[in-house]
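Trainee: Okay, here's what each chain looks like letter by letter:
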Amino acid sequence: METTATAFYIGPFGITSIVITTWGIMLGLGVFCWLATRNLSLEPGPMQTLLEGIISASEAAIQIVLPEHARELLPFITTLWIYLVIANLTGLIPLLHSPTGNLSVTAGLALLVFLSVHWFGIYHNGIRHYLKHYLSPTPLLLPFHVISEATRTIALAVRLFGNIMSLELVALLVLIVAGLLVPIPLLMLHIIEALVQAYIFGMLALIYVAGAMQSQYSKKENDNE
Amino acid sequence: MDFDWTTFTLEVINFLILIWILKRFLYQPVLNIIDKRRADIDQAMADAKRIEAEAVSLKKQNEQYLIEWENQKEAAHAQLAAELAEIRKKKLAELNQKFDEETDRRRILEERRRIEYEKKIEEKAIAQGTKFVSRLLSRLATPELETHLFALLLEDLANLDEADKRVISEAVTDHATSILVQSAFPLTDTQKQTLSSVLCEPYQTGFSIDFQCNDTLLAGFQITVGPWVLHANLRDELKFFSQPLQHEK
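Chains A and B supply the protein sequences, listed in that same order. The first sequence runs 1 to 225 under my numbering. The second sequence runs 1 to 249 under my numbering.
Among these hints, one or two may not hold up.
[Said to hold, decoys possible] 16 Å max Cα-Cα, derived EDC-like pairs, lysine to aspartate or glutamate:
{"#": "1", "chain 1": "B", "residue 1": "K36", "chain 2": "A", "residue 2": "E43"}
{"#": "2", "chain 1": "B", "residue 1": "K73", "chain 2": "B", "residue 2": "E86"}
{"#": "3", "chain 1": "B", "residue 1": "K165", "chain 2": "B", "residue 2": "E201"}
{"#": "4", "chain 1": "B", "residue 1": "K36", "chain 2": "A", "residue 2": "E52"}
{"#": "5", "chain 1": "A", "residue 1": "K132", "chain 2": "A", "residue 2": "E149"}
{"#": "6", "chain 1": "B", "residue 1": "K165", "chain 2": "B", "residue 2": "E155"}
{"#": "7", "chain 1": "B", "residue 1": "K131", "chain 2": "B", "residue 2": "D236"}
{"#": "8", "chain 1": "B", "residue 1": "K239", "chain 2": "B", "residue 2": "D104"}
{"#": "9", "chain 1": "B", "residue 1": "K36", "chain 2": "B", "residue 2": "E52"}
{"#": "10", "chain 1": "B", "residue 1": "K23", "chain 2": "A", "residue 2": "E43"}
{"#": "11", "chain 1": "B", "residue 1": "K23", "chain 2": "A", "residue 2": "E52"}
{"#": "12", "chain 1": "B", "residue 1": "K131", "chain 2": "B", "residue 2": "E237"}
{"#": "13", "chain 1": "B", "residue 1": "K91", "chain 2": "B", "residue 2": "D104"}
{"#": "14", "chain 1": "B", "residue 1": "K23", "chain 2": "A", "residue 2": "E149"}
{"#": "15", "chain 1": "B", "residue 1": "K192", "chain 2": "B", "residue 2": "D210"}
[As the list claims (entries may be wrong)] To give an idea of the chain B side of the interface with chain A (calculated C-beta under 10 Å), a few residues:
{"#": "16", "residue": "T6"}
{"#": "17", "residue": "I17"}
{"#": "18", "residue": "R24"}
{"#": "19", "residue": "I51"}
{"#": "20", "residue": "D189"}
These aren't lab readings, by the way, just hints derived from the structure by calculation. Owing to the predicted nature of the structure, the values given are computational and were not obtained by experimental measurement. Note that beta-carbon positions come from the ideal geometry of N, C-alpha and C, so glycine has one too.
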């Protein structure tokens, strides 16, 4: 399965079909959102109701974890969910592959989650207080904290990549071995798996960010006491 | 499982751009409209609570007004009842006074009617009695009775007091009037001569005497000398008898 075939080059950089698919998703989402939010009103129609429902549900999910920073985290987390759902389901379209079936893509998203955790932690608490929690409860645990940060980021990338790639691979193998219509149940499983994996990835990112911020809250409370 | 750094880098950049796109064209407009709706809802809720508070306040105020109004109504009702009782008492007193006056007036009127009725009855009884007696005496009026009454006439003429004699004298001399002697039965010549002599003797003068019969006298005589009249008959006696009875009433 060749998923990183270079479509064309921009200078020394080879643009793969995965990147083109991602651009397509971005373009589609951008146009759709622009068209859907041009004429918003206080008395919503069906499309506005759908959009408000999606965003309200996302905001409510974030509020459960971080009640005071839901609006701040909403763009990042909700974009993760929306992009991952669409990217995961793109594999169902013939001749297209899910971008999330590529380790480069999931690694990039995991890197963004990793950076976001530290960004929000430092932004809200200061670098000193944020780095302090790596030394708590004892400096001896610093290596374990560092290893934890690295492994959970790698796990985040590999989990999503492995699940989506394996679904596509299994469907391809069943299609080759059994025939044209046999992989349909697997494709239905693909839909469920795509939704679940998107939710897991976004929720884990939210928990990681919230964990960083809340650990600092505890630290601050301890300092105040 | 190959890894491409270019794809990795572009994917990071693409995702950051996607965040910006969605934030610009999806999150901000939708969140703004949601916030606006929430603000409107909050405003409506605040207005509703304020209106509810005002309604509660007005309700309490209205209840207070109702209580005050009820008290005022009861006080006015009591005052009205007292005034009505006073007016009723006054009117009742006036009515009792009028009733008493009307009762007195009716009593007086009834008493007067009764008296008049009794008077009428008595007059009727007297008239009937007089009629009865006159009828009875008319049956008893005989020449013998006339003779006895003639004797009584002579006796009365003989016993006239000085005032009567002076009146008769003045009537005879001043007016040159003749003497009218009415009798129920015709007088005999003897009786006429006797009566003429009795009448003329005291005055030493002669004058004419006119003798007439008048059966309405029942029995007896009536002598008229000018304004002086001597009643010596049953009719006039009965009249004299009945008049005092009427005058007594």
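Trainee: Would you mind marking each hint as holding or not holding in the structure?
Mentor: Hints, one by one, checked against the model:
| no. | hint | verdict |
| --- | --- | --- |
| 1 | B:K36 to A:E43 | holds (11 Å) |
| 2 | B:K73 to B:E86 | violated (19 Å) |
| 3 | B:K165 to B:E201 | holds (12 Å) |
| 4 | B:K36 to A:E52 | holds (13 Å) |
| 5 | A:K132 to A:E149 | holds (15 Å) |
| 6 | B:K165 to B:E155 | holds (14 Å) |
| 7 | B:K131 to B:D236 | holds (13 Å) |
| 8 | B:K239 to B:D104 | violated (38 Å) |
| 9 | B:K36 to B:E52 | violated (23 Å) |
| 10 | B:K23 to A:E43 | violated (22 Å) |
| 11 | B:K23 to A:E52 | holds (14 Å) |
| 12 | B:K131 to B:E237 | holds (13 Å) |
| 13 | B:K91 to B:D104 | violated (19 Å) |
| 14 | B:K23 to A:E149 | violated (28 Å) |
| 15 | B:K192 to B:D210 | holds (10 Å) |
| 16 | T6 | holds (5 Å) |
| 17 | I17 | holds (7 Å) |
| 18 | R24 | holds (8 Å) |
| 19 | I51 | violated (21 Å) |
| 20 | D189 | violated (157 Å) |
Against the hints set out earlier in the document, violations occur for numbers 2, 8, 9, 10, 13, 14, 19, 20.
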